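Taken in order, these protein sequences are the chains called A and B. Heads up, the first sequence is in the numbering used here, so the first residue is 1 and it goes up one at a time. Heads up, the second sequence is in the numbering used here, so the first residue is 1009 and it goes up one at a time.
Worth flagging that the hints you see were computed from the coordinates, not collected in a lab. Computed from a predicted structure; not experimentally measured. Please note that a few of the clues may not be correct.
Unchecked claim - Now the stretches of chain A that chain B is said to cover, found in silico as 3 or more residues with beta-carbon under 8 angstroms: (1) 16-27; (2) 56-64; (3) 102-113; (4) 335-349; (5) 662-671; (6) 692-699.
Stated by the list, open to error - Derived DSS-like pairs: lysine-lysine, alpha-carbon spacing no greater than 30 angstroms straight-line: (7) 434/A x 1200/B; (8) 565/A x 434/A; (9) 119/A x 179/A; (10) 11/A x 1231/B; (11) 799/A x 740/A; (12) 803/A x 107/A; (13) 626/A x 740/A; (14) 835/A x 790/A; (15) 179/A x 98/A; (16) 434/A x 1231/B; (17) 1200/B x 1095/B; (18) 920/A x 1200/B.
Using N, Cα and C, we set each Cβ at its ideal position, and we do this for glycine too.
Each chain, letter by letter, is given below.
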Amino acid sequence: MHVTRVEATPKSGPGLRDVRGDVVRRQLSADHNLNFTAVKTIVGFLINSDVPHAEITTRADDLFADPIIEHSITNQSFLGNKEIFSETPDAVVSVGFKPGVTDNPGKAALDGFRTIFPKASLDSDISTYITYIFYGMPQGTSTEWLSSTLYNNLIQRSFVTDGEMCKSSDWLMIDYPEKPPQEFKTPAHVNLEISNEQLIDISETGLLALNLTEMQAIQQHYRNPEIRQLRQAAGIVEDKPTDVELECLAQTWSEHCKHKIFASKIHHTDLETGEQSVIDSIFKTHIMNPTHDMQNDVDWLLSVFHDNSGVIAWDDEWSVCMKAETHNSPSALDPYGGAMTGIVGVNRDILGTGLGARPIANTDVFCFGPPDWQGEIPDNLFHPSRVLRGVHAGVRVGGNESGIPTINGAIVFDERYLGKPLVYCGTVGLMPRKLPDGRESHIKTPSAGDVVFMVGGRVGYDGIHGATFSSLELTEESPSSAVQIGDPITQKKMIDMILEARDLGLISCITDNGAGGLSSSIGEMAEYTNGCKIDLAKVPLKQPGLSPWEILVSESQERMTVSVKPEDVEAFENLASLHEVEATAVAEFTSTGIFHVQYDESTVAYLPIEFLHDGVPQLELESEWKIPKHEAFDPPQTADHNSILTDLLARPNIASKETWVRQYDHEVIAQTAVKPFVGVNRDGPADAGVIAPIHGNPRGLVVSCGIAPRYSDIDAGAMAAAAIDEAVRNAVCVGVDVDKIAGLDNFCWPDPIESEKTPDGKFKLAQLVRANRELERICRAYRLPCVSGKDSMKNDYGKGPDKISIPPTLLFSLFGDHPDVRNSATSDLKNPGDKLYLVGESLEELGASELAFMMTESGHAAGIGGNVPLLTDPNRLFSSYRALSKAINSGVVKTAHDCSEGGLGVAIAEMCIGGRIGAKIDLDGTGNTSTWARLWGESLGRIIIAVSPQNDAKFLEHMAGHTTTLLGEVEATSQLSIVDGFDELISIEVNELVTSWQGTLDLTGGVA
Amino acid sequence: MYIPKVAVLFGFGINCDHETAAVFEMVGGKSTRVHLNTFISGEDELSNYDILAVPGGFSFGDHLGSGRLMGNRMRFSLRDELLNFIKSGKPIIGICNGFQVLVKTGLLPGPDNNEPDFIQRASLTLNDSGRYEDRWVTLDFNKDSNCIWTKGLARIDCPVRHGEGKYVMPDAESLANLANNNQITVRYADPKTPQSDSHNDEVLPFPLSPNGSMMNIAGISDKTGLVFGLMPHPEAIYAQWLHPDFSRGGAPTSTTDIEWEGQGLQIFRNAVEYIQSTR
């Protein structure tokens, strides 16, 4: 074995350019205002194989370089090659991966290498790098700093040649990253007969994230004489856990997997009302019970809560499911890898639903610090613009390469997300209600004796402790092993294969490997048959030497766990081999009641299934609510509403996200009827995504979301209600059937457990209580079942006075039925003469509004306090939603847009932008409130619609009995004009609106 | 009426196989999604089919250049089968990643003598913008082309969804040759200018040309007119409700009398009818 270096670099000539270099040049300009003359790139391959250098040289242009557009060179570097790089550069930075980090181009290159050299040694491997060559470096730019913008030292290596070294041709060349050998350790026995302090110490130093009560519960388990007897018979250490068992319990009992806060017993005090009460599990009380009640009333809720995603019957033939997840901690440390594993991870949740569903649509919602942040950045974290770029790239690559369209999403900005960005990734799945063999696809059918396969990727040292890590706050010492890069193509191959296996009837049970790895996936499935027996020695590894506990809990990506009847094993293995997907039998289901893990012949874990899953003690917590104090928002007497409008449109929370969203494939599968951007120039905002997933059939699905984290500053209950209402409103705007909608609740909270590091834990927990009480109230009123959800409860950075906690944030995602996508409405104004109406009413609710934040930040107002938008009568709103939806579905209304951040003023401006057309409206009669509240207030339940004159009467018939106010009409002008009776408020060119709205977040640096 | 058998390739990251299979069925074909390895192993044979479609996607993650690794698998493991398929007068389409695959195998644009030699003569490389984008473009078809896939098409709207769609050739001569042979089948166009017979060789500004392709090339065919590849996705406008102007009442209609049909379907119908007419 020896290492051969091959490099490729773009040819120059008419019409040819170095695009990779151009992108880096533009980003340095867009992000840092640094203008380089040129940036060039070299792509490098380090091939570790037994194929002679000379043979590789002759085939370099068949594989590593494209001879039409690239030069290639073998066994040397282009650096210093005067023919290609005649000028001496100012700096050179080579970036490659650290040993053991997923190198997708390297993997692909290895596959191509084997096509050309089928006899190459099986140990062959390829590592890749990119070299950036900088010319015309602006004065004062440090080469080290430049390098730091190009790589992430958690996962990558950088080799830097500075200006002086360039002049003397002293190039620093990146070398092959040899993996350090892993040391195999036979399972240790952990003595738990120690003091409480020592128990906590074991948990903390081992990153187990277990509290004292939980450690004591484990201690007790090993004191039980019956358990000791069982263990003796099984041939495992009787009176103490092995490290495998302790790790397995820590993963299974982690906050991430067990949702211990949502399951806790809460003693709630409301200092405002004097209420004292006990809530025995928020989840059961406020989420599960309402949904189960609704399940009694409808026949389409097929599977809720217990599977990887919630399933509803869509029509007689098909069912749909949806799931959303967060990947916050990994995305903070490695935005690209963290976000990519987020999206491909939630895809696997869909694949692991029932007997396997096909992922057909993604949603992505991000919360970041301000993109133009000028202040301090916490140690170990990145500037928000870099987090945005990285997260976006990860989600883009993960979604696009998997062939799943991204049809809906949002990006929200607030300073407090500096400490932890939120990365929500959702996926919708589709499955036939019945498989060809007659089984219902949403029901898993495992039996004892079934063979359990691990399918897809291999297990490596990457991804150890993800579940427990995300159950702790971020610190500067957060571990790099919890960060991974996804491999969407390995996963895509696996998805293709598994869906074929499903249709062939080969799958009896399936789940994904996410948090907790095999320990969780096999452990959860073993609950069905009440037992399993795993042999860790059979698990294929990325590198030898992993110890048993590491194999069991590693969260290495792209893996599903699938059980197959013994008679189907051969067919399953053949199918895997056709698809070049690795599938290895690693376990079998039993009915012994035991989670039994072996390494070869020796038993390394022997845990009763019941203890593993139900042994975690219930937390008891205290919450205490008192109203947070804010200076009231008091707008000035007079103001220039034109500039308020353009300023609001340019706020990151409102500004167009088009340059980012357009980089997602939103149309693959040929089903997307309402795309993320709509209108004449296809750059107006869409309220919700609409897809028609059965080819040739216009029946549709609507996917929408709602999020309003800043309302938590006043009341987290109002925040939750607003998020739900926004999701529903958005769906109504495109014409969802409001009688068949289902929701997902994804809570991201700062740590709400009172402790030394969280002195305000009781308040944060009270916020959670209020949010969930509102969630129940609104969902019952909207007859909106929550079919799946997730919570992430430790979204804090650091400890002590510098601690940053995110604002409590609920993302509410919605999916629902659309009877015919041809009757979808969109937000863009269509034709002059169309009448404009406001459905709903504006109240005096400017508290925590975007306007209040803007004017407070600029010093024009004292604070953001005041009335936050509330849903006092959700039943009334819901009936108007039903009426409007019916009007849209009957084809009467083609234009609808909801009022959210920036209120009615911003909503009508966005409608003009989409239509590139003017409008004239009068706010008189839209509510018995101040002009400010009617123009910029964010009262819930409001939708602006446009209707053609010929459909006007029909529309009003549909809306009889619902608050509907004529606003004005669409005009054949280029001007938006807003008056309030005799007062002229706004008169502005639509093009000016476009410029304000599109400028802020276009961080592309152009195309030059 | 004979029902042409269409092999729609999938595997290794191809991801438009379902919709590509569906559109052929809408116009009277019988589609089978076939994993590339099924042909390589001999479990199924390419010669069992009348039409081959290489759909869009991200085969092998576009690493080492889009279509490269998939192209190599076909070039090295399926060479004779592909040669025979073309020699027996059967049409092949490559869409997006499929186009990239056909270019990297050398099937497009192919040699001047109608005898595929699997030599790469052009490339599809990173968009000038450096960005993968999903956006709608307007396409003008070459009415002098002998391509069987594009017969009767003039101008359609379609989405592009690619990061590497810039068509390049190593010298001006090969481009001129391609133009003279009428192998430039389809180009990006400005919807505001009427379709004219004059060739617009000057590269259109972004985003009219989404990638900076030489001579605004969006798709080409081989000398025989049987092998056709293009970056945009005609299968994604099989129905009018997929057009961004649909809710504005402005989705272009197709030339058929099928009420909801989108403009892209005719491409697939052409191939199905071609097979039917040659049998």
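Hint-by-hint comparison with the structure:
no.	hint	verdict
1	16-27	holds (count 7)
2	56-64	holds (count 3)
3	102-113	holds (count 7)
4	335-349	violated (count 0)
5	662-671	holds (count 10)
6	692-699	holds (count 4)
7	434/A x 1200/B	violated, 49 angstroms
8	565/A x 434/A	holds, 19 angstroms
9	119/A x 179/A	holds, 23 angstroms
10	11/A x 1231/B	holds, 28 angstroms
11	799/A x 740/A	violated, 45 angstroms
12	803/A x 107/A	violated, 40 angstroms
13	626/A x 740/A	violated, 37 angstroms
14	835/A x 790/A	violated, 42 angstroms
15	179/A x 98/A	holds, 9 angstroms
16	434/A x 1231/B	violated, 48 angstroms
17	1200/B x 1095/B	violated, 41 angstroms
18	920/A x 1200/B	holds, 29 angstroms
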